[in-house]
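Respectively, the protein sequence lines represent chains A and B.
Each residue of the first sequence is one higher than the one before, starting from 2 at the first, in the working numbering.
Each residue of the second sequence is one higher than the one before, starting from 1233 at the first, in the working numbering.
No lab work stands behind these hints, which were simulated from the structure alone.
None of the values given here were measured: they were computed from a predicted structure.
Check before you lean on any hint, since a few could be wrong.
[As the list claims (entries may be wrong)] One-sided and incomplete, this derived list gives chain A residues near chain B with beta-carbon spacing under 10 Å:
| id | residue |
| --- | --- |
| 1 | 267 |
| 2 | 271 |
| 3 | 274 |
| 4 | 275 |
| 5 | 279 |
| 6 | 283 |
C-beta: ideal position from N, C-alpha, C; glycine also.
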Amino acid sequence: MILKLVWENVRFRPVRTLLSVLLIALPVTLILTLVGLSHGFVEGSEKRAEGIGADIVFRPKGSAVLSSFNGDPLPEKFVDQLAKEPHVAATTGVVYQLVSGAFDTIAGIDQASFVRLSGPFVFLQGHGLEKPNDILLDQYYAEQRHVRAGGTISVLNKDWDVAGIVEGGKLAHLFVQIRVLQDLIGSAGKVGGVYLKLDDPRNTDMVKKQLDAKYEGYPIYSMKELEALYSVDNIPLLKYFTYAVLGIGVLIGFLVVSMSMYMAVLQRTREIGILKSLGASKGFVMGIILAEAFALGLGGTIAGVALSFGTRWLMNELMPASLPQAIVPGWWPIAGLIAVGGALLGSLYPGMIAVRQDPIEALAYE
Amino acid sequence: MSDALPIIRVRGLRKVYHIGKVDVEALRGVDLDVPAGEFLSIVGPSGSGKSTLFHIIGGLTPPSAGEVTVAGHNVSAVGDSGRTELRRKYVSFVFQKFNLLPNLTARDNIRTALYIAGLPADDFDAHFLKILELLGISARLDHKPFELSGGEQQRVAIARALATKPAILLADEPTGNLDSRNSMAVLNLLRDLNERLHQTILMITHNSEAAAFGHRVMHMTDGRIAESPTAIQI
Chain A
2 MILKLVWENV
12 RFRPVRTLLS
22 VLLIALPVTL
32 ILTLVGLSHG
42 FVEGSEKRAE
52 GIGADIVFRP
62 KGSAVLSSFN
72 GDPLPEKFVD
82 QLAKEPHVAA
92 TTGVVYQLVS
102 GAFDTIAGID
112 QASFVRLSGP
122 FVFLQGHGLE
132 KPNDILLDQY
142 YAEQRHVRAG
152 GTISVLNKDW
162 DVAGIVEGGK
172 LAHLFVQIRV
182 LQDLIGSAGK
192 VGGVYLKLDD
202 PRNTDMVKKQ
212 LDAKYEGYPI
222 YSMKELEALY
232 SVDNIPLLKY
242 FTYAVLGIGV
252 LIGFLVVSMS
262 MYMAVLQRTR
272 EIGILKSLGA
282 SKGFVMGIIL
292 AEAFALGLGG
302 TIAGVALSFG
312 TRWLMNELMP
322 ASLPQAIVPG
332 WWPIAGLIAV
342 GGALLGSLYP
352 GMIAVRQDPI
362 EALAYE
Chain B
1233 MSDALPIIRV
1243 RGLRKVYHIG
1253 KVDVEALRGV
1263 DLDVPAGEFL
1273 SIVGPSGSGK
1283 STLFHIIGGL
1293 TPPSAGEVTV
1303 AGHNVSAVGD
1313 SGRTELRRKY
1323 VSFVFQKFNL
1333 LPNLTARDNI
1343 RTALYIAGLP
1353 ADDFDAHFLK
1363 ILELLGISAR
1373 LDHKPFELSG
1383 GEQQRVAIAR
1393 ALATKPAILL
1403 ADEPTGNLDS
1413 RNSMAVLNLL
1423 RDLNERLHQT
1433 ILMITHNSEA
1443 AAFGHRVMHM
1453 TDGRIAESPT
1463 AIQI
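Excised from the complex, chain A in its bound form:
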């Protein structure tokens, strides 16, 4: 019967219900979009790192797990030096640069050593990097930007000739010759990281230990380690930003439902009086308010999940090949708990008002 009462209450004022649900959906969408973006970014990076085919990566001092941008670049001599280490079969140095206005990177590679390490590119169109102005795009980036081999594309304030479109999953979405990128970003003779392929993957732990001992202070990861570290929690700013958004989510849910339920309690003063005249206890009245808040929170969660698909579509339309937003179903219950929790918290005060209402005054309310 309580469910019936709550359902009819929610149905009886559709505009209030719809507005409340949409407002609660807002933080849910915000949370799921942010989480989706971070997961999309991390998962994409992980897949591309995995696709390089290396066993170990050697990073500049001070670089974070998922980025090589915040450490001093390595002198390029490390590429040859590391190639001479025991059990190292091949090395390649890579330069990374953030593509302005987007959340993506362009990789400067030495095509010959890169291919030796990771295997040849699979060309869907065109050919490899031949001229300084050549750029390779992976299929995803080319499709998002609607670019074909033989066309041109502007990246880092420079027009590049699209030499080829390759299958994705290797290191980055965009590749240019390492020297060109080094010159372009003023980092001649430096690399952002060195990838090592060993004679036998079973030697990875042993070689890593040797390198750790020899090159103290340099972040050296086996690719398996790196994959395990590819987590949103390893991006400090993103982690705290996510927490902040979660907090905002709870706050919005709390305020929206508080306001909505406060209005509902005022609007339904007479109905609360009727329930009390029928002998409804304080717990019964509070139960109805809480159940209604729960329903609004649940509705907001469902709407928020649906809207997160919308933000993904919008992002792809407005900023193609920039921020990949993953759909992370594992976060739906978390976002739901936040929305419903905020809604329940927000309904407590209006609920207390309803419970304390004098039945005679409530029945006389116009």
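Keeping the supplied structure of chain A fixed, place chain B upon it in accordance with the hints.
Quick look at chain B alone, frame taken from chain A:
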């Protein structure tokens, strides 16, 4: 009727409302006995205290002093939860403004009362189905209040009040919002319910014509019973 045990017993009842710094004495020592099965009408002008008496007997507000016993329960000695229990188990209300839950059908309004009273709410028993027949609303149960006429709404309110088999039915100006035809129908129904089901009814009204439907009429003025209840020849 007169030798039945009183189902409502009121002694020295006083009620004072504190409005700002002013104390307003609404009841100034009321004594009253209502035997089970009686239909008592209380008449009086606005401010006479009849509504306050009604609210105290119905457990909607506590008395300031005096003793009120309803269906064997000392209402003056219990707190808020005790008064809630009284409303849930022993008394039911019929109001001037019908006071049906607007977003529920007539059937669900009745079911809500049953649910709150802790009674089976899914199906109505044969006895209650007869009451619905008597009230003439069996065919209107799946309509919401706004789809019903005033007379029908009041009959649904009476049905809801009787669904929980209360010891006492308290009616507050039950015909106040009805035209004369519907007023007469509702008053006849109340009298019929009283006669057929021996339902104790306490009705407050300012309409002496309506009051005449009770077995007795009690006049109130200035928070006191102005004269002894008058027996009415029905």
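Unmet hints by their number, sorted upward, for this structure
As far as the earlier hints go, only 1 is violated by this structure.
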